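K.L.:
Produce the complete structure using the sequences and hints provided.
2 protein chains.
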Amino acid sequence: MKKTDVLVVGGSAAGVTAASVSKMKNPDKDVLIIRKEEKVMIPCGIPYIFGTVETTEKNILPDTGLENAGINILVGDVVDINVNENYCILANGEEISYEKIIISTGSTPLVPKWLKGKELNNVFVIPKNKVYLDDFQKRIKDKKDIVVVGAGFIGVEVADEINKTGKNVTLVEKLPQILGLAFDKEFADEGEQIIKSRGVNVITGTGIKEILGQENVTGVLLEDGQEIAADAVVLSMGYVPNTKLAIKSGLEINERGFIKVDEYLRTNKADVFATGDCAEKKDYFTRKTCSTMLASTACAESRVVGFNLYKLSTPRCFGGTIAIYSTAIGNTAFATAGMTETLALKEGFEIVTGIFQGPDKHPGSLPGTHTQMIKLIASKETRILLGGEIMGGISSGELINVIGLAIENKMTLSSLITSQIGTHPLLTGSPVGYPLIKAAEMACKKIVLKKTELEKVLV
Amino acid sequence: MKKTDVLVVGGSAAGVTAASVSKMKNPDKDVLIIRKEEKVMIPCGIPYIFGTVETTEKNILPDTGLENAGINILVGDVVDINVNENYCILANGEEISYEKIIISTGSTPLVPKWLKGKELNNVFVIPKNKVYLDDFQKRIKDKKDIVVVGAGFIGVEVADEINKTGKNVTLVEKLPQILGLAFDKEFADEGEQIIKSRGVNVITGTGIKEILGQENVTGVLLEDGQEIAADAVVLSMGYVPNTKLAIKSGLEINERGFIKVDEYLRTNKADVFATGDCAEKKDYFTRKTCSTMLASTACAESRVVGFNLYKLSTPRCFGGTIAIYSTAIGNTAFATAGMTETLALKEGFEIVTGIFQGPDKHPGSLPGTHTQMIKLIASKETRILLGGEIMGGISSGELINVIGLAIENKMTLSSLITSQIGTHPLLTGSPVGYPLIKAAEMACKKIVLKKTELEKVLV
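Going down the list, the protein sequences come from chains A and Y. Take any residue in the first sequence, note its place counting from 1, add 24, and you have its number in my numbering. Take any residue in the second sequence, note its place counting from 1, add 24, and you have its number in my numbering.
Please note: incorrect hints may appear among the correct ones.
Where chains are identical, the list cannot tell them apart; a pair therefore holds if satisfied intra-copy or between any two copies.
[What the hints assert, rightly or not] Computed cross-link-like contacts, DSS-like style, restricted to lysine-lysine with a CA-CA straight-line distance of at most 30 Å:
#1 K404 <-> K335
#2 K469 <-> K293
#3 K474 <-> K27
#4 K63 <-> K469
#5 K469 <-> K434
#6 K470 <-> K335
#7 K404 <-> K474
Since the hints were derived computationally from the structure, they do not count as laboratory data. These numbers come from a predicted model, not from an experiment.
P.N.:
Structure (structure tokens):
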């Protein structure tokens, strides 16, 4: 029987990172990735193949880093794992033994069973599969009216990119706002305005009821009775974890269909870890299981796996997903970390919020200046930061990581306000009016004002 | 006698921020800023008036925020403070009493006493003074050959901006590299290459000996004997704290000439605080006094002042400057936080470093992608992060704040590696190859490899 020390099943972001960090921590161990795909797509780059990047060929996760690190790659299909005797079986009958196995089988697009017409020609989903995407891209070329169903990040990005190629795109969302639950209304509304101004039709507050057509798609019927003509439909209604292999191998699955893991990403079987979209997620604050799927969360989990594979490396365990992410519509970025105001209130937190708007360069008269709007959500009792949202220019993508790190370090509003930051006219807001700190000040001000009013009453 | 509750002397970044945060924490107190200038310059924007921003008028710190917060502004010159009876005296004889006074008198350009020719016509410095700068800008208009002496941030920025207007600019630096001591050689060398490619002449490793000319400047003589023709010279040789008022008022001054303060920014006299360029600075790690002057550090100090003005707000004290800052040459940004490798070694730290280079978008084929080079410096024993340097695109200005916050939270290499970050194709590096995390991995790898080799020897 062929053998390896560390076996990673799946070669997307989670698998690649788990393999790299495992090898880094254990340079004497053999690490093998088994993946189904010849060429792996950069997951977050997929929406951009429809416009900006143009082709899947320019969106490939290169193998160079893995090869340089001495990690082995095998293209194959793992169909079973003997978790008691530590070996796996491939579709071609080959068996490979391991000391540690990491399951990072990812996720596939959700297509609701009840959705009539889902099997019609020119109904597409957005999987992490180059062969499928190449065909999708070819077939959509001569289409004119495209309906994108679901306005989470991927739906918004795909709609905007397809719209760039001159097609008539309609984005349909069941929720009252686009960008899902990741943003409060003031941010989602701005996003909707921008994407509309770019020519995308947006319909919110009503979901899809049925896909219309005989052989080929001709349109969609919405819950509110509207019919929209379409010669192609893109379903972006969420993703489900790939757990077929895990289930067959006897791993425990949670109530949301993810592989159950502990904070070291260990499954219920010895030497078996799971990471990425297929692995159980818990929310950082509510401590409830959730269905967040982000390549960045996946990579953070995989690094924890790598650090804890042979010996536990306390206290580096994974404390739940903060769900830090960002997107861009035109030259405006939207970024979020932790809880929104809406979610925090719904979950029963007593909160205080602060919002501030200012230029992202200083003076604001500098060319390329973008307005930055930042909202912070904090616990009223402890002042600990619970979440943040940004709308701004290109630097928002890194600025949200400042907020993410503040959350991960359980910083309070006052510790954030008095933190040291660096600023530069061409690169950031001003040191005096740095929007992140000002937003924290705005939140603090509410607490202070409340107190002062209280004192007046008591006197 | 006129009275106020909180009196702030000086209206630049430090003063404005101290006033704002004091008012926020104490909404019932009257806050008054007394400043010399009718219009205040945005300090970090000053180099850009020579090119990008064009005029000082577009680089003014607006009073709107102060006015909206109900803060009073008086243009005047405080010439003495009676720190025992809590009142100050203005040049016009007026007296104003206070409960708390905050001194934020800033700094002025250093012109060495020994420098022959410093009083010649067309020898300039770069003060935060609109009247002076307007005259400087007018007089430099018809000049052709400009020598800028001193290649710290301000020297580099001013040289690059003046160069943009088509003049022949030579930048002279006594140290072996430009960008002062804030960067290790690999970054400074890149910076020098870029600024040279933009047409600026750069001479390093030799300082200025004398300014040549009779009435008007005709050139400079360098320490190595070279003469450079010039019809204008800009001295950017550092800044000295403005402490005349503090000395006259009996405040204690440290060995570097700064007003002595404790970690709450309190001076040796009751009710008297000092903040910003005039206040004593300690290095975050070495605990030695230093001469760092940054608007961003000033603002962080001023927020600490505001929080501790009437009642101490533990544990929000100022733990020493991390010196987080950034600049840009063309479309390449340079950013730094904490200690460089060179400084850390010089100060006696046992360190490990990691460096990584990758695209700042993903895939790297996206338009506008810039290479990001990140270096991290950490303690070998505790793995605690000591510093970081970035060369990259526009997002570097916020990314350095991620590093700054990691330093301020005393994060270790492994806690940084397993931190959650957010990524997006158009906004950041990839989750798999996020350069900040990869640089931490590179540093960790060195430690692990050393250990493995050690184990081999022991077996």
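K.L.:
Decide, hint by hint, whether the structure agrees.
P.N.:
Here is how each hint holds up against the structure:
1. For the homomeric pair K404 and K335, the shortest alpha-carbon distance between copies (21 Å) is at most 30 Å, but the shortest distance inside one copy (39 Å) is not.
2. For a Cα distance limit of 30 Å, the shortest separation of K469 from K293 across copies, 29 Å, qualifies, whereas the shortest one inside one copy, 51 Å, does not.
3. For the homomeric pair K474 and K27, the shortest alpha-carbon distance between copies (27 Å) is at most 30 Å, but the shortest distance inside one copy (66 Å) is not.
4. Within a single copy, K63 and K469 get their C-alpha atoms only as close as 53 Å, which misses the 30 Å cut-off; across copies the closest is 28 Å, which meets it.
5. With identical chains, the CA atoms of K469 and K434 are at most 30 Å apart both within one copy (20 Å) and between copies (28 Å).
6. Taking the shortest alpha-carbon separations for K470 and K335, only the inter-copy value of 19 Å comes in at or below 30 Å, while the best intra-copy value is 47 Å.
7. Taking CA atoms no more than 30 Å apart as the test, K404 paired with K474 passes inside one copy only; the shortest distance there is 11 Å, against 47 Å between copies.
Comparing the model with each numbered hint stated earlier shows that all of them hold.
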